[in-house]
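*Asks:* If you read the protein sequences in the order shown, they are chains A and B.
For what it's worth, our numbering labels the leading residue of the first sequence as 1, then goes sequentially.
For what it's worth, our numbering labels the leading residue of the second sequence as 1001, then goes sequentially.
Keep in mind the hints are simulated off the structure, nothing from the lab.
What you are looking at is a predicted structure, and each value in this text was computed from that prediction instead of being measured.
Just so you know, even glycine gets a beta-carbon here, dropped at the ideal spot from N, CA and C.
Take these hints with a grain of salt, some might be off.
[Claimed, not checked] Residues from chain B that face chain A, not an exhaustive set, calculated with beta carbons under 7 Å:
no. : residue
1   : 1041
2   : 1050
3   : 1051
4   : 1085
5   : 1107
[Stated by the list, open to error] What follows is a set of in silico ranges between Cβ atoms, one per label pair, in the way DEER data are often shown:
no. : chain 1 : residue 1 : chain 2 : residue 2 : range
6   : B       : 1262      : A       : 181       : 45 to 55 Å
7   : A       : 202       : B       : 1259      : 28 to 38 Å
8   : B       : 1123      : A       : 21        : 30 to 40 Å
9   : B       : 1077      : A       : 147       : 21 to 31 Å
10  : A       : 191       : B       : 1046      : 13 to 23 Å
[Unchecked claim] Below, in silico cross-link-like pairs of lysine-lysine (DSBU-like), each with a Cα-Cα straight-line distance of 35 Å or less:
no. : chain 1 : residue 1 : chain 2 : residue 2
11  : B       : 1084      : A       : 76
12  : B       : 1178      : A       : 224
13  : A       : 76        : A       : 224
Residues per chain, in single letters:
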Amino acid sequence: MTATAVLPDQLGPLLHRITGDEKHAPSAHSTLDVLWVLYDRVLRISPETVDAPDRDRFLLSKGHGPAAYYAVLAAKGFFPERWLDDLGGWDSPLGHHPDRVRIPGVEVGTGSLGHGLGLGVGVALGLRAQGYSRTRTFVLLGDAELDEGSNHEGIAYAAATRLPITAIVIDNQSSTHGWPGGIAARFPGWDTSVVNGRDRDRLERVLEPRHDRPNLIVATVERKGS
Amino acid sequence: MRESFIATTTELLDEDPRTALVLADISAESFAPARHRHPERVLNVGIREQLMASVAGGLALTGMRPYLHSYAPFAVDRAYEQLKLDLGHQDAGAVVVTIGGSYDASEEGYTHQSPGDVALLDTLEGWTIHVPGHHDEVPDMLRDAARHDDRVYVRLGVQENSRAHRDAGRLQALRRGKALVVAVGPMLDPVLEATTGLDVTVAYTNRPRPFDAEGLRALAGREVVLVEPYLAGTSAAAVSAALEGLPHRVLHLGVGRTEVRRYGSWRDHARAHGLDAPGLRASIVDFLG
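For reference, chain A alone in the conformation it holds in the complex:
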């Protein structure tokens, strides 16, 4: 697969501010296009509505390597771009894993893998119980993160209760033992689609429609380290 490094102009410089690495291509960030499509075209959330009870929820379960997440949030105005210049510093709200208490727009603090989907299931249940039927919940995971057993508790329960939640798995083939038979096969009872994680129009087409049961999107990108 060819990486299409056509990005909205501002993301490249923002990524460079975080990583300090001029040579590293934006395509090194596996989540970048999915995150951009979500925040630019799909999620009903803005800096003004970060506390609105009926806002859409996006949970980055793969809190590991959040540079692309920070770049997108800064580009969308959730926090000042200058925050990007001091990643992991004592006075910086931005760490190597995101902290919801410190960063506007961040719904959950993650980093230890395998927590976001369970939290997302709880969020979706809480929204449903309170009648926010228009509000959607999205969780982004990595294919290696799927190794954590806690995910599989959430996958099975969401299917059993027909919970309208969207999980996106970024597949850059980083799971040590892989997923023979495909990742989608691990999500029985879910609607599933497998798409090119760099094709923003295609991503929008699978992220936009609402489903009346859990929905999995496997976003395939270049193999990690390739």
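With chain A fixed as given, assemble chain B onto it according to the hints.
*Replies:* Coordinates of chain B only, in the frame set by chain A:
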């Protein structure tokens, strides 16, 4: 106590739309009527305790007040990281209500026992811990917890005192004497029996966290005995901090670390750990000299 929990939580679900209950099969049958009335707020995730805790965190993030419930070894020991991260690190709260602490599930064996639940929660920030000694102490604890969003642990036991002492969050002195013996939750009756005729103050609390440091300083003489129904020494740091600067000797009694590879009843295990009245008396008399 479990019946008080079921009755009170069922009432809370009826009264307050913020209340949610998350179960992992344990006690699900008892909550069937509540689940029938509130299917979107009474959630049984199946035998998935990690998910139970994570779901509670997610519910809290949307503004609900989740109660979750299972055996202590599954709700705390197994799901410890979920309690740490999906509640604490998210700055979210929940009410964790357990059965099966220490050796209550004596016939089930060590897989179903948690003597270390309170010690584990002591490694985390901001948990209020209730250890009721009587079923009539349970409803207030659950109702108070519905009025805020903090992290609360309620440890229900099968061993009960003969009478309830409501409002025993702070230390209540029930008998006056020279040395101080503090009994936590269901340890009160055995302590009262064990100290009959001894010159000791017996004080009771059913809310060991936050520990009533002020009350302890006010009641303590030079000798203090703490009797807890979970791992011996769990409150050692709290007692030491409370008595800082005061010359004192302390004895911590509770459940031992050595696994008792026997079944039998909770009474058998209490005896094995020296937490029945004769065992306690022997330890206390030996300590006081």
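*Asks:* Now tell me if each hint is right for this structure.
*Replies:* These are the hints, each one checked on the structure:
Of the supplied interface hints, the one on residue 1041 of chain B holds, with its beta-carbon coming within about 5 Å of a beta-carbon of chain A, less than 7 Å. Because the beta carbon of residue 1050 of chain B sits about 5 Å from the nearest beta carbon in chain A, less than 7 Å, this interface hint is met. At about 4 Å, the closest approach between the beta carbon of residue 1051 of chain B and any beta carbon in chain A falls short of 7 Å, and the interface hint on this residue holds. A distance limit of 7 Å between C-beta atoms decides the matter here; for residue 1085 of chain B the minimum to chain A is near 6 Å, and the interface restraint holds.
For residue 1107 of chain B, the interface hint is violated, since its Cβ never comes within 7 Å of a Cβ in chain A; the closest pair sits about 28 Å apart. Judged by the Cβ atoms, the range 45 to 55 Å given for residue 1262 of chain B and residue 181 of chain A holds: they are separated by roughly 47 Å. At about 57 Å, the CB distance of residue 202 of chain A to residue 1259 of chain B disagrees with the hint of 28 to 38 Å. Take residue 1123 of chain B and residue 21 of chain A: their Cβ atoms lie about 38 Å apart, and the range 30 to 40 Å holds.
For the hinted restraint 21 to 31 Å between residue 1077 of chain B and residue 147 of chain A, the CB-CB distance of approximately 22 Å keeps it satisfied. With their beta carbons about 22 Å apart, residue 191 of chain A and residue 1046 of chain B fall inside the hinted range of 13 to 23 Å. For the suggested pair residue 1084 of chain B and residue 76 of chain A, the alpha carbons sit about 31 Å apart, so the restraint of at most 35 Å is met. For the proposed pair residue 1178 of chain B and residue 224 of chain A, the alpha carbon gap of about 70 Å is over 35 Å, so the pair is violated.
Taking the CA atoms of residue 76 of chain A and residue 224 of chain A, the gap is about 27 Å. The hint holds against a cut of 35 Å.
Comparing the model with each earlier hint shows violations of hints 5, 7, 12; every other hint is respected.
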